[in-house]
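Order-wise, the sequence lines are chains A and B. According to my numbering, the first sequence is numbered sequentially starting from 8. According to my numbering, the second sequence is numbered sequentially starting from 201.
It is worth saying that the hints were derived from the structure and are not from the lab. Computed from a predicted model, the values in this text were never measured in an experiment. Even glycine gets a Cβ: it sits at the ideal position worked out from N, Cα and C. Hints are supplied without guarantee of correctness; some may be wrong.
Partial list, derived from the structure: chain B residues whose beta carbon lies under 8 Å from chain A [said to hold, decoys possible]:
(1) 243
(2) 252
(3) 255
(4) 275
(5) 279
(6) 286
(7) 306
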Amino acid sequence: KQEVTQIPAALSVPEGENLVLNCSFTDSAIYNLQWFRQDPGKGLTSLLLIQSSQREQTSGRLNASLDKSSGRSTLYIAASQPGDSATYLCAAGSGGYQKVTFGTGTKLQVIP
Amino acid sequence: DGGITQSPKYLFRKEGQNVTLSCEQNLNHDAMYWYRQDPGQGLRLIYYSQIVNDFQKGDIAEGYSVSREKKESFPLTVTSAQKNPTAFYLCASTLTGAGANVLTFGAGSRLTVL
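Chain A with its partners taken away, still in its complex shape:
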């Protein structure tokens, strides 16, 4: 059974800092790894999707990497801003498109 872990559960950084969020998964036989953002009381917004054949994806200040062999993905946020404050969740897709396992998220606070 796939298990997805995100450490730390919470992170507080000063504005402007570059930061890395971590995601680890136990079963390397994944189809893709997706990163989401969730604001309080809201749904999830997809940030980046990395297919199993890819090593990384970039969107603006965000860069996500995938290392299947080590069961790890990272989300890099450059020059953090207060508007980046949210909970970030990763999700590993495996065993078919309906088999998506979510981590519990990292709650990020960017302090002005």
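Use these hints to put chain B onto chain A, whose structure you have.
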């Protein structure tokens, strides 16, 4: 704009009552999903549907029921058999086939049992 609409945003239920959460999408997505989110836990899959008139149980289907009579709609009923229904419920959809798997979520419905 295309997206997923969930309603109501907030819902209060007395014990013993059934309630239905609505989920409508205009993305022409084939597959639809219902997840439950509790504090400190990852999202857990309740039910999913790949095509009209077909749906499958997820990891925590007990006490829930769904229907898929139209491609655009996938309502979730929380029955009185669900012992701990207070949670945040999220509906999602995705295309199927090659290039699929990007999950699109609605804004969620928060259910509170009084």
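Now the hints, each set against the structure:
With a least beta-carbon distance of about 4 Å to chain A, the hint placing residue 243 of chain B at the interface is held under the 8 Å criterion. Proximity of residue 252 of chain B to chain A is violated relative to the hint, the smallest CB-CB distance being about 16 Å (cut-off 8 Å). Here the hint on residue 255 of chain B is broken, as its CB sits about 11 Å from the closest CB of chain A, past 8 Å. Interface hint status for residue 275 of chain B: violated, as the beta-carbon distance to the closest one in chain A is roughly 17 Å, over 8 Å.
For residue 279 of chain B, the suggested interface contact is broken, since its CB lies about 23 Å from the closest CB of chain A, more than 8 Å. Using the Cβ-Cβ criterion of 8 Å, the hint placing residue 286 of chain B at the interface with chain A is not satisfied: the shortest such distance is roughly 15 Å. Contact between residue 306 of chain B and chain A, as hinted, is supported at the beta carbon level, the nearest pair being about 5 Å apart and thus within 8 Å.
Of the numbered hints stated above, those contradicted by the structure are hints 2, 3, 4, 5, 6, listed in ascending order.
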